Amino acid sequence: MVDAARELGIPYLTLYAFSSENWGRPTTEVSFLMSLFHRYLITETKRLMKRDIRVVALGDTERLPPRVREALAETVAATRENHGMTVALALSYGGRQDIVNAARSIARAVADGALTPDQIDEQLVASELTTTGLPDPTC
Numbered sequence: 001m002v003d004a005a006r007e008l009g010i011p012y013l014t015l016y017a018f019s020s021e022n023w024g025r026p027t028t029e030v031s032f033l034m035s036l037f038h039r040y041l042i043t044e045t046k047r048l049m050k051r052d053i054r055v056v057a058l059g060d061t062e063r064l065p066p067r068v069r070e071a072l073a074e075t076v077a078a079t080r081e082n083h084g085m086t087v088a089l090a091l092s093y094g095g096r097q098d099i100v101n102a103a104r105s106i107a108r109a110v111a112d113g114a115l116t117p118d119q120i121d122e123q124l125v126a127s128e129l130t131t132t133g134l135p136d137p138t139c
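For the sequence shown, the working numbering assigns the number 1 to the initial residue and increments by one for each residue that follows.
No wet-lab data here; the hints were simulated from the structure. The structure presented is a predicted model; accordingly, all values stated were derived computationally and were not measured. Among the clues, some could well be false.
[Claimed, not checked] Computed beta-carbon distance windows for the label pairs: (1) Glu74 with Leu134: 14 to 24 Å; (2) Val125 with Pro11: 22 to 32 Å; (3) Pro137 with Arg47: 23 to 33 Å; (4) Gly133 with Gly113: 20 to 30 Å; (5) Glu81 with Thr132: 15 to 25 Å; (6) Gln123 with Arg47: 31 to 41 Å; (7) Ala111 with Gly24: 24 to 34 Å.
Note that the Cβ used here is the ideal one computed from N, Cα and C, for glycine as well.
Can you build the whole structure from these sequences, using the hints too?
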């Protein structure tokens, strides 16, 4: 999928690799999926580098197993300066949860007096989402 998108000149690709709801799957299935993802990160980083593809992570990556988190961090760091394409990996990600977390962050800023309700706009909300820095999805 990544190679095909790169060949087509698609600058941003988001892959929903593991939703936050997927943690409710059987333990053996989750372990298998994490193992597959770990193997992908280990084997594909060199290829991503050669193809000038940057990887970013979306979601609650702290929930990932330590070895997967480590491999993900290494891939993100290794590809940070690539500009040919950006692949956003949505891991332990849920759009609603992302919005809830953004709303909580903004509410804390209002409660602390650092922000007034009138200062809340689309740009502020967008800056609090884990997708900040990525363009809005298009059809």
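Now the hints, each set against the structure:
no., hint, result
1, Glu74 with Leu134: 14 to 24 Å, "holds (21 Å)"
2, Val125 with Pro11: 22 to 32 Å, "holds (23 Å)"
3, Pro137 with Arg47: 23 to 33 Å, "holds (25 Å)"
4, Gly133 with Gly113: 20 to 30 Å, "holds (27 Å)"
5, Glu81 with Thr132: 15 to 25 Å, "holds (19 Å)"
6, Gln123 with Arg47: 31 to 41 Å, "holds (36 Å)"
7, Ala111 with Gly24: 24 to 34 Å, "holds (32 Å)"
When held up to the earlier numbered hints, the structure conflicts with none and fits them all.
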